[in-house]
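S.K.: Below, each chain spelled out in residue letters.
Protein chains: 6
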Amino acid sequence: MRPSGRQPDELRPIRITRHFTRHAEGSVLVEFGDTRVLCTASAEESVPPFLRGKGRGWITAEYGMLPRSTGTRMGREAARGRQQGRTVEIQRLIGRSLRAAIDLQALGERQIILDCDVLQADGGTRTASITGAYVALTDAVNQLLKDRRVKKNPLHGQVAAVSVGIYRGQPVLDLDYLEDSEAETDMNVVMNEAGQFIEIQGTAEGHAFRMDELNAMMELARIGVTRLVAAQSEALATN
Amino acid sequence: MRPSGRQPDELRPIRITRHFTRHAEGSVLVEFGDTRVLCTASAEESVPPFLRGKGRGWITAEYGMLPRSTGTRMGREAARGRQQGRTVEIQRLIGRSLRAAIDLQALGERQIILDCDVLQADGGTRTASITGAYVALTDAVNQLLKDRRVKKNPLHGQVAAVSVGIYRGQPVLDLDYLEDSEAETDMNVVMNEAGQFIEIQGTAEGHAFRMDELNAMMELARIGVTRLVAAQSEALATN
Amino acid sequence: MRPSGRQPDELRPIRITRHFTRHAEGSVLVEFGDTRVLCTASAEESVPPFLRGKGRGWITAEYGMLPRSTGTRMGREAARGRQQGRTVEIQRLIGRSLRAAIDLQALGERQIILDCDVLQADGGTRTASITGAYVALTDAVNQLLKDRRVKKNPLHGQVAAVSVGIYRGQPVLDLDYLEDSEAETDMNVVMNEAGQFIEIQGTAEGHAFRMDELNAMMELARIGVTRLVAAQSEALATN
Amino acid sequence: MRPSGRQPDELRPIRITRHFTRHAEGSVLVEFGDTRVLCTASAEESVPPFLRGKGRGWITAEYGMLPRSTGTRMGREAARGRQQGRTVEIQRLIGRSLRAAIDLQALGERQIILDCDVLQADGGTRTASITGAYVALTDAVNQLLKDRRVKKNPLHGQVAAVSVGIYRGQPVLDLDYLEDSEAETDMNVVMNEAGQFIEIQGTAEGHAFRMDELNAMMELARIGVTRLVAAQSEALATN
Amino acid sequence: MRPSGRQPDELRPIRITRHFTRHAEGSVLVEFGDTRVLCTASAEESVPPFLRGKGRGWITAEYGMLPRSTGTRMGREAARGRQQGRTVEIQRLIGRSLRAAIDLQALGERQIILDCDVLQADGGTRTASITGAYVALTDAVNQLLKDRRVKKNPLHGQVAAVSVGIYRGQPVLDLDYLEDSEAETDMNVVMNEAGQFIEIQGTAEGHAFRMDELNAMMELARIGVTRLVAAQSEALATN
Amino acid sequence: MRPSGRQPDELRPIRITRHFTRHAEGSVLVEFGDTRVLCTASAEESVPPFLRGKGRGWITAEYGMLPRSTGTRMGREAARGRQQGRTVEIQRLIGRSLRAAIDLQALGERQIILDCDVLQADGGTRTASITGAYVALTDAVNQLLKDRRVKKNPLHGQVAAVSVGIYRGQPVLDLDYLEDSEAETDMNVVMNEAGQFIEIQGTAEGHAFRMDELNAMMELARIGVTRLVAAQSEALATN
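Protein chains in written order, with the working numbering: chain P, -15 to 223; chain L, -15 to 223; chain D, -15 to 223; chain B, -15 to 223; chain R, -15 to 223; chain A, -15 to 223.
Chain P on its own, in the form it takes in the complex:
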């Protein structure tokens, strides 16, 4: 069975703490068990060069891991002078996923930057990042609405993400590091509040997986995202 003793369709304890730091328009500490990611949303009154003068806004994301968020210290990317391939891949995924939740026209010619920095890693940092970044983005958008910089709420969907995989032959939900490093297949699924797909990224680490396994994983993902969407809504409902 699972090292944590969880059921196959059981998420780790989820905690979403808003206003974790004070400067950002949105600042959320998201915890999926021992995975802790600080997600901030920064609203800026400018857009990247390729969008200037077009009246549309932009959402982008950056991702980082503190050097000792992991069991063995990783070199600091700023010191090495380049971001690793994995980092680039993840931050592109976060950006695409959140852009799917927002009407960039309605946002107007401004940019919201989502910074997802992993304080402690135990598997699933990219899905925790997306789930937390949605809450930070919502706080930032609400600030823009309150300041009347944006007229009409540009958010048209809710977005959350979870990992699924095949661990010792069994489809499981929300893999922790121990499971992840041994899983035969590992998928990250980004969905909206209606259970529709925004992004799927799945990799067979061991042997290839079959259509029925894909279906079983998609069903677990649906269950997981439904709970995460509820946790987001609950966090946003309180002050």
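To be clear, the hints were calculated from the coordinates, so they are not data collected in a lab. Be aware that a few hints might be false.
Any copy will do: because identical chains look the same in the list, a pair fits if it lies in one copy or spans two.
[Unchecked claim] Straight-line alpha carbon distances no greater than 20 Å define the calculated SDA-like cross-link-like pairs of lysine to any residue that follow:
no.: 1; residue 1: K130; residue 2: T71
no.: 2; residue 1: K38; residue 2: S165
no.: 3; residue 1: K130; residue 2: G55
no.: 4; residue 1: K38; residue 2: G92
no.: 5; residue 1: K136; residue 2: A90
no.: 6; residue 1: K38; residue 2: G55
no.: 7; residue 1: K135; residue 2: R152
no.: 8; residue 1: K136; residue 2: E197
no.: 9; residue 1: K136; residue 2: P(-13)
Given the coordinates of chain P, work out where chains L, D, B, R and A should sit on it, guided by the hints.
M.R.: Chains L, D, B, R and A in isolation, oriented as in the chain P frame:
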């Protein structure tokens, strides 16, 4: 209707030309319609530092686009001094996909580097790259077997890839650039010769997609990969 | 008067939280009022090239600010591909300061890396970093002693740091951001538990300062460091 | 004797294939024996910063080798993050040579970028690049004339290049890789259609060469360039 | 006693040669014994982006060592592609120190860049740089006044710098390399002509230093800077 | 007429000052009129990776210009993080030219690095660099012989370089900056003491040049190098 007049489940004309250049152990020009990628496989008697002394081999991939392979000239990555996020993402995907086809233990402590360089782009460069790289890898492995540097064929599967997507509401196979730039959903599917999944990467560009659309796209992918696997086998059967 | 209403010789509330994250040998969240820095100490069984085979150890430090730890978002150094001059200057200061507390011979041929990452900034991040890093270093050294990797405690001193400055003509202790951005002189003083100097860095931002002002600031620094040393000891005394 | 059995004043078989790829304004595959270079010319309606607002145009060149264009795989420059000294030297030579063929005033405030990418190398890649780039440049200029973006043909000369050298004591024309790696002297000569010099770069690899040897090499260069100019003209005469 | 036989409060022979090279608005070779630094001041009619349109000027500095200015050749920073931490630290110190001598408002929206390049190093390169850069800056300012690009002299103070330290238990002035590499404490003190402090940077290399040692070093610094200010004035008085 | 009033075959005043700085094995200030270059030769007991264990030595060169060696300040290459194409081209030329003077086998497995740093530029910095570097190299080799690290003198030739060009229709020797910026053709010629060629690099800046012009320039180069070789010998003959 598709701009090219193709049926929804119709691939573009596929051409696989082996021995396209003379130095590499494997050298393949793969064409998916107007998309042309030169895939070379280079066998080297050394492995990256993290594998030294472990008796296992490695497969890695690098991807590039010639600056004017596209409609508008792109800046040369070597001149700008860094590879773009998209490039990094693609070469990691190619490497993972091909590693799924090979027994790294049986390869022995050596490395095969797959270089996929796009001469002309018309959509689907990453799926063409994977499909062509498999043929180049096979030629390189056969060379190693012939030279008796490797005893037993380490290849245990055949790998090919194709894109699927939803274009104007219709699931379609093997999108060209015109379709790709307008598609609501765009997926890249890597499969083996048994129709099992090695990698799935799907992104909703417009609105989110449903489970039944996912299933329809997976079926198209199965059809496409079956034909690509046949084209690979045919190319490898001739001299 | 000070914007915070503090007395000239009054520190902000100091909080030192050990075991803030779980992977590092030492992990400390240090707070000087609203300035919050996560300091981790990572022990590694290797030394930089210039020390190999000499039987001596090394202490080094790296410093970073999360992009939105500040009022206006700063570009991520990993994304820009280089650390700023200010970052380099600070991490060199932290490393030198902590090396002054330890017998590198007694540490043996191993390295402890101190990562100081600012989660929230409100002035004094470098002095908070040094003060917190000392506690993280102590925890890491105690771990090495417990694991019998080190025989004899290599720490021979206690190190803490505080800023002093001249704000509206008045020497003050532990400047926050509002004071710092307006101060005529700004000094960072690193001292040991005996009130002796390890490092002094002072800059006249407005007009030059006199010898009597230097003496007044040194006296404030002595008062501040005495209290910080007590706070470190208290944190280390508890579990 | 020459390894290839060629006469001292004999070029390798020359092939110039226009319209090799479809996106660029000029796209030429040039072959000097087994050396194959893809030369594209891209016309852009902007100039580098140092020329803005001056009404003059610019021609520049970039050069690259596919990693496995050579016998042993070379590291990809984009992955290493910098172009080698040799690359920089060659692309500057190509740019200077082609600028000698064109009236930058008549070109108007626009830029043509010549990309020379080596698909397969067997010596003489820089001279093949210049020779092919001239044809690609001509195609691009003709496109500009046809589109009426340029009024009057800015090309005022024809440019081609060839290598000469001293191989086993004998002056020879158009060295291949086997000759080049053993030659005592190696020169690259760029000339116009009137047999006048645009650029000479000669290096004594073994012992220094004499004035009479220089003269013999210049005569071979004249013979070679005359033939290359004819091959260019022939290629441009057909459709 | 001191390796050079100097008294504890004795500077090395100081030489300041103006007009050392001919292109720069100010060009000074400063010698502190065997330490030789070429300081040039370049006046430019533009300011860095963060100051544009504000009507204020800027002073900045860059520092470099010729690769063989030292006993063992150092790698060239331009070739390695990055400036070392020590370089960055020093050039920031030089810039801050000289900005303390000038009214940036009166300078107007222009920039003076101070380049300090070490031709030969024997300890104290940063203090020699500051002392020489002041003279070069004065020459550049005088040129601007003469050209009537600046109306009123923006220089309001004179700046010089000297190192002090504790060598074999004894406070000493202006350490050379032999002393510096063995000193227990090493301080760099920047002062104005009135003996007031602009910058203090002191580091205990061996054991921590006491308040009375700090006072003794400050007194030596005062003596040294008084003499350096006189040497600067003398150099500026002649043609 | 030439702006300097020189005859067409007249060099500028040449000065070669040995022992200009004290740390390097060879240290030479070379002056061609107002062009002043500091050339140092550093002997190191190691070779680049590609030569390790082969018993042969290596000569390499690095070139730099101080930012204000020129009329307008150039950006510092170390600060920009990369060497310009021109720099790379020049240092490769210097290295090749000096390797032509030495028996790398006889040098043994060690390296001599030639650093050529331009203090003041007035045209011809690369030819002055080569001419000065030869003298520095000789001093370094003599030091190795004196220290008995090398048994037999590995220098087998003398090398000097000069520029020639066509200025207002007239072939001229040793162009200064005023001539250089206006010349129709500009060549750099490296020769040995016997008047044989080591390297020729010539570029038509305006219109292409003819064979008779090439011959006239080669004759001027011969005259110039003869005089430079004499100046080198004279400098080396004194102490």
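S.K.: State for each hint whether it applies.
M.R.: Hint check:
In this assembly of identical chains, the alpha carbons of K130 and T71 never lie at most 20 Å apart, being 34 Å within a copy and 36 Å across copies at closest. Only between protomers do K38 and S165 lie at most 20 Å apart by alpha-carbon distance; the minimum there is 19 Å, versus 45 Å within a single protomer. When the C-alpha separation of K130 and G55 is checked against a cutoff of 20 Å, the pair qualifies only between copies, where the shortest distance is 19 Å, while the shortest distance within a copy is 42 Å. Proximity of K38 and G92 under a CA criterion of 20 Å is satisfied intra-copy only: 9 Å inside one chain copy versus 29 Å between copies.
Within a single copy, K136 and A90 get their C-alpha atoms as close as 7 Å, which meets the 20 Å cut-off; across copies the closest is 48 Å, which misses it. Taking the shortest alpha-carbon separations for K38 and G55, neither the intra-copy value of 46 Å nor the inter-copy value of 22 Å comes in at or below 20 Å. In the homo-oligomer, the alpha carbons of K135 and R152 never lie at most 20 Å apart, since the shortest distance is 51 Å inside one protomer and 31 Å across protomers. Taking identical chains as interchangeable, the C-alpha atoms of K136 and E197 are never at most 20 Å apart, the minima being 42 Å within one chain and 31 Å between chains.
Taking CA atoms no more than 20 Å apart as the test, K136 paired with P(-13) passes in neither setting, with 47 Å inside one copy and 37 Å between copies.
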